[in-house]
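Peer 1: Spelled out, the chains give:
Protein chains: 2
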Amino acid sequence: MSGYIEPIGRLINEFTKLPGVGAKTAQRYAYSVINMTESEAKSFAESILNAKSKVHYCSKCGNYTDEDVCDICKTRDASIICVVKEPKDVLAMEKAREFKGVYHVLHGVISPMDGVTPNDIRIKELLARIAEGGVKEVIMATNPDVEGEATAMYISSLIKPLGIKVTRLAHGIPIGSEIEYADEITISRAILDRKEI
Amino acid sequence: MSGYIEPIGRLINEFTKLPGVGAKTAQRYAYSVINMTESEAKSFAESILNAKSKVHYCSKCGNYTDEDVCDICKTRDASIICVVKEPKDVLAMEKAREFKGVYHVLHGVISPMDGVTPNDIRIKELLARIAEGGVKEVIMATNPDVEGEATAMYISSLIKPLGIKVTRLAHGIPIGSEIEYADEITISRAILDRKEI
Numbered sequence: 058m059s060g061y062i063e064p065i066g067r068l069i070n071e072f073t074k075l076p077g078v079g080a081k082t083a084q085r086y087a088y089s090v091i092n093m094t095e096s097e098a099k100s101f102a103e104s105i106l107n108a109k110s111k112v113h114y115c116s117k118c119g120n121y122t123d124e125d126v127c128d129i130c131k132t133r134d135a136s137i138i139c140v141v142k143e144p145k146d147v148l149a150m151e152k153a154r155e156f157k158g159v160y161h162v163l164h165g166v167i168s169p170m171d172g173v174t175p176n177d178i179r180i181k182e183l184l185a186r187i188a189e190g191g192v193k194e195v196i197m198a199t200n201p202d203v204e205g206e207a208t209a210m211y212i213s214s215l216i217k218p219l220g221i222k223v224t225r226l227a228h229g230i231p232i233g234s235e236i237e238y239a240d241e242i243t244i245s246r247a248i249l250d251r252k253e254i
Numbered sequence: 058m059s060g061y062i063e064p065i066g067r068l069i070n071e072f073t074k075l076p077g078v079g080a081k082t083a084q085r086y087a088y089s090v091i092n093m094t095e096s097e098a099k100s101f102a103e104s105i106l107n108a109k110s111k112v113h114y115c116s117k118c119g120n121y122t123d124e125d126v127c128d129i130c131k132t133r134d135a136s137i138i139c140v141v142k143e144p145k146d147v148l149a150m151e152k153a154r155e156f157k158g159v160y161h162v163l164h165g166v167i168s169p170m171d172g173v174t175p176n177d178i179r180i181k182e183l184l185a186r187i188a189e190g191g192v193k194e195v196i197m198a199t200n201p202d203v204e205g206e207a208t209a210m211y212i213s214s215l216i217k218p219l220g221i222k223v224t225r226l227a228h229g230i231p232i233g234s235e236i237e238y239a240d241e242i243t244i245s246r247a248i249l250d251r252k253e254i
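Those protein sequences? They're chains A and B, same order as listed. Start counting the first sequence at 58; every next residue gets the next number (the numbering used here). Start counting the second sequence at 58; every next residue gets the next number (the numbering used here).
Next comes chain A alone, as it looks inside the complex:
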């Protein structure tokens, strides 16, 4: 980092490792750290180390937790499992307050182009959970893109033969948006999946 003294240059460099942070933003963040009080900076640094050391995957669902088994796995209806790509997706689903079951986080989707095979994501773990019994339905909530769809289809092909109901999140025009601005693939899905009212 030219023009900066070493400690500031190093801090700016660390900030640029965060997603979407360029040199200018990193500089703004670094200067704000320097303007923090000693204890604020300490608390910031500690929260990073603390999160990194305490947070790991739930031994059941693979979502982030600071316990062995996460709160959702401990308290909710384990007969219905919602399969998602990433921990972020669990957060998004939870915000909707509609789903009462448990999750299974794959930590990726099958993508031969990127060298991600079914063995690289948490599919075995899902099958093991199902093998324990009691699962009635699996909702595939991977993203509606090529990899997400392919992963949903692949997992479905493994689970359906076990006599378990496999469903997929509905796709269509987002609530509150205008049809005018919806892309053509979304519109065709919305037409195909239309419901009688």
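The hints are simulated quantities; they were obtained by calculation from the structure and are not laboratory data. Heads up, none of these hints are tricks.
Remember, identical chains collapse to one label, so a pair may be satisfied in a single copy or spanning two.
List time: in silico DSSO-like cross-link candidates among lysine-lysine, alpha-carbon distance up to 30 Å:
{"#": "1", "residue 1": "Lys-99", "residue 2": "Lys-145"}
{"#": "2", "residue 1": "Lys-81", "residue 2": "Lys-152"}
{"#": "3", "residue 1": "Lys-145", "residue 2": "Lys-81"}
{"#": "4", "residue 1": "Lys-142", "residue 2": "Lys-99"}
{"#": "5", "residue 1": "Lys-81", "residue 2": "Lys-157"}
{"#": "6", "residue 1": "Lys-217", "residue 2": "Lys-145"}
{"#": "7", "residue 1": "Lys-81", "residue 2": "Lys-131"}
{"#": "8", "residue 1": "Lys-111", "residue 2": "Lys-99"}
{"#": "9", "residue 1": "Lys-111", "residue 2": "Lys-157"}
{"#": "10", "residue 1": "Lys-74", "residue 2": "Lys-99"}
{"#": "11", "residue 1": "Lys-99", "residue 2": "Lys-81"}
{"#": "12", "residue 1": "Lys-142", "residue 2": "Lys-217"}
Please build the complex by placing chain B on the supplied structure of chain A, with the hints as guidance.
Peer 2: Leaving out everything else, chain B in the frame of chain A:
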């Protein structure tokens, strides 16, 4: 932070203290920290503590340094002092590679509305530097806004009687921009300060 386990919620909360970072961005940053390796997270946390503990004000100019006196004060022409509001402004000036003198960082501008009086910014320190002798010119490079102009005028009124040349950065149409998009105050300044070619 609802919906998050404590270590993640705490980290998100820390990130929202950075300038311009909202809940969504802070969440993205926090998740990226959790996806870092142990040593990456450690290096990030250390760079924060390191910057905070090593960086302080240069005892002469008030810019950030990790030494007693900064490199600029040590090596450059001390007969001409450029007065700026913040350390960031030094960086911006240095990028232009035009100025060969030293700086004086005020760490603020006079702003009665915000309760900032001349005693709250580093004006005494500037006068002390001038009292040591050898200063021929002071360039006022505070921002061209109400507080910046008022601060420039106030400091100028203290320094001019000492027989020192006081100048102000030129204002006008920015290079590379279009006159069409310049605001009317900039255009009137550009007309008043027009130069014969």
